[in-house]
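> Listed here are the chains, written in short residue letters.
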Amino acid sequence: MPLLTRTFIKTGMVCLALALVLGILLALGVTNGLFPVYIHLLVFGWLTQLIFGVIFWMFPKYSVKKPRGSEALGWWTYALLNIGLLLRAVAEPIQSTRANPLSGWMLVLSAILQFLSGLLFVVNSWGRVKEK
Amino acid sequence: MPKLSVWFVRASLLYLLLGSLFGALLLAQKGIPFHAAVWYLFPLHMEFLLVGWLIQLAMGVAFWIIPRFSQGSSRGPVGLVWVSFALLNAGILITAFQYWLPDAVLIGRIAEVVAGILFVIGSWRRVKPHGVM
Ligand code: HEM
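Protein chains in written order, with the working numbering: chain E, 1 to 132; chain B, 1001 to 1133.
A few of these clues could be false.
Using 27 angstroms as the maximum straight-line C-alpha spacing, the simulated DSS-like pairs for lysine-lysine come out as follows [claimed, not checked]:
1. E:K65 to E:K130
2. E:K66 to E:K130
3. E:K61 to E:K10
4. E:K61 to E:K130
5. B:K1128 to E:K132
6. B:K1003 to E:K66
7. E:K66 to E:K10
8. E:K66 to E:K132
9. E:K132 to E:K61
10. E:K61 to B:K1003
11. E:K65 to E:K132
12. E:K65 to B:K1003
13. B:K1003 to B:K1128
14. B:K1003 to E:K132
15. B:K1003 to E:K130
Some chain B residues flagged as far from chain E (calculated, every beta-carbon gap over 12 angstroms) [what the hints assert, rightly or not]:
16. K1003
17. A1037
18. L1054
19. W1064
20. M1133
If you want a taste of the chain E side facing chain B, the calculated C-beta under 10 angstroms gives, among others [said to hold, decoys possible]:
21. P2
22. L4
23. T5
24. T7
25. K10
26. F44
27. I51
28. Q95
29. T97
30. A99
31. W105
32. L109
33. G118
34. S125
In short, the hints are calculated from the structure, not lab data. All C-beta atoms in this analysis are idealised placements derived from N, C-alpha and C, irrespective of residue type, glycine included.
From just these sequences and the hints, can you work out the full model?
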């Protein structure tokens, strides 16, 4: 299993664990802006990130020379996803309790980073989705 | 990867792209509000990512990877699964018209459920132990 895949999967597991802890906080009634963070740690940080890692590892080869497409694009996908998600996890609770320009712009930045992560992933994987 | 899986997976990648674009617009709107109408994208964000991306990707990869038959059609009733693919995507797209068509969510969801049932029927016998023809 390539290093990038292991990194995706292990970071995904950390997101799962964090989400489960947030689930306890939510159940205790600490809700301020945490619900969307909880959901996205699960669906983006865990499920989607796990899928990104496994697709990079197991999908049909892009070419003999570059079986997994661009590894650099893969690492960019990883970095943008996790920096974007972390920014969101920090800024969204602040924004929903004490909204201020800093947390507001952090959310805008987070949105851009996360979108770019998805875009780079699709660009890098598209050519590997093919008939044999 | 068989042709039908290519269609499933490519469609799911397109939904990932659109769904995260909508999500990004929503998140930016929560940060620095720029256009309240962005919130109309919220139901599409969920539908495109949960059904269009996650579920559709799982269906496409399952159709490719789960055990095949050594006699007859190796991936079972392929035509049925094509119909499932068509209904799933028709269903997702129909829900996107919910602001114009009051019943769009209901109709779209029914199409998605039928797609799911056809997929289960088409795959059921392929979930089998090693060596079973
Ligand atoms: C680019 C990445 C993403 C961004 C920027 C994003 C952004 C958002 C935003 C702003 C909301 C509204 C939250 C609220 O105020 O209630 C939302 C909700 C939601 N999103 Fe995403 N999202 C992303 C990825 C995903 C993915 C990959 C999935 C599923 C596979 C997903 C599923 C959901 C669901 C189920 C909700 C409803 C629950 C909630 O309100 O938190 N999102 N998303």
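> State for each hint whether it applies.
We went through each hint and held it up to the structure:
1. E:K65 to E:K130: Distance of about 17 angstroms is within 27 angstroms: holds.
2. E:K66 to E:K130: 15 angstroms, holds
3. E:K61 to E:K10: Within the cut-off at roughly 23 angstroms; holds.
4. E:K61 to E:K130: Holds, at about 9 angstroms.
5. B:K1128 to E:K132: Holds, at about 24 angstroms.
6. B:K1003 to E:K66: 22 angstroms, holds
7. E:K66 to E:K10: 24 angstroms, holds
8. E:K66 to E:K132: Between E:K66 and E:K132 the Cα gap is close to 17 angstroms, so the pair holds against 27 angstroms.
9. E:K132 to E:K61: 10 angstroms, holds
10. E:K61 to B:K1003: Roughly 16 angstroms separates the two Cα atoms, so the pair holds.
11. E:K65 to E:K132: Satisfied, since the Cα-Cα distance of roughly 17 angstroms is no more than 27 angstroms.
12. E:K65 to B:K1003: Roughly 24 angstroms separates the two Cα atoms, so the pair holds.
13. B:K1003 to B:K1128: Distance ~23 angstroms between B:K1003 and B:K1128 Cα, so the pair holds.
14. B:K1003 to E:K132: With Cα atoms ~9 angstroms apart, B:K1003 and E:K132 stay inside 27 angstroms; holds.
15. B:K1003 to E:K130: Holds. B:K1003 to E:K130 sits at ~8 angstroms (cutoff 27 angstroms).
16. K1003: 5 angstroms, violated
17. A1037: Fine: 17 angstroms to the nearest Cβ keeps B:A1037 off the interface.
18. L1054: 6 angstroms, violated
19. W1064: 10 angstroms, violated
20. M1133: Given a closest Cβ separation of 23 angstroms, the condition holds.
21. P2: 18 angstroms, violated
22. L4: Since chain B brings no Cβ nearer than about 18 angstroms to E:L4, farther than 10 angstroms, the hint is violated.
23. T5: Nearest chain B Cβ about 15 angstroms off; hint violated.
24. T7: Status violated, d = 20 angstroms.
25. K10: Interface hint status for E:K10: violated (21 angstroms vs cutoff 10 angstroms).
26. F44: Holds, because the Cβ-Cβ distance from E:F44 to chain B comes to roughly 9 angstroms (cut-off 10 angstroms).
27. I51: 7 angstroms, holds
28. Q95: At 6 angstroms from the nearest chain B Cβ, E:Q95 passes the 10 angstroms test, so the hint holds.
29. T97: Interface hint status for E:T97: violated (13 angstroms vs cutoff 10 angstroms).
30. A99: Holds, about 9 angstroms.
31. W105: OK, holds: E:W105 within 10 angstroms of chain B, min 6 angstroms.
32. L109: OK, holds: E:L109 within 10 angstroms of chain B, min 8 angstroms.
33. G118: Where the cut-off is 10 angstroms and the nearest Cβ of chain B is about 4 angstroms from E:G118, the hint holds.
34. S125: Holds, because the Cβ-Cβ distance from E:S125 to chain B comes to roughly 7 angstroms (cut-off 10 angstroms).
When held up to the earlier numbered hints, the structure conflicts with 16, 18, 19, 21, 22, 23, 24, 25, 29 and fits the remainder.
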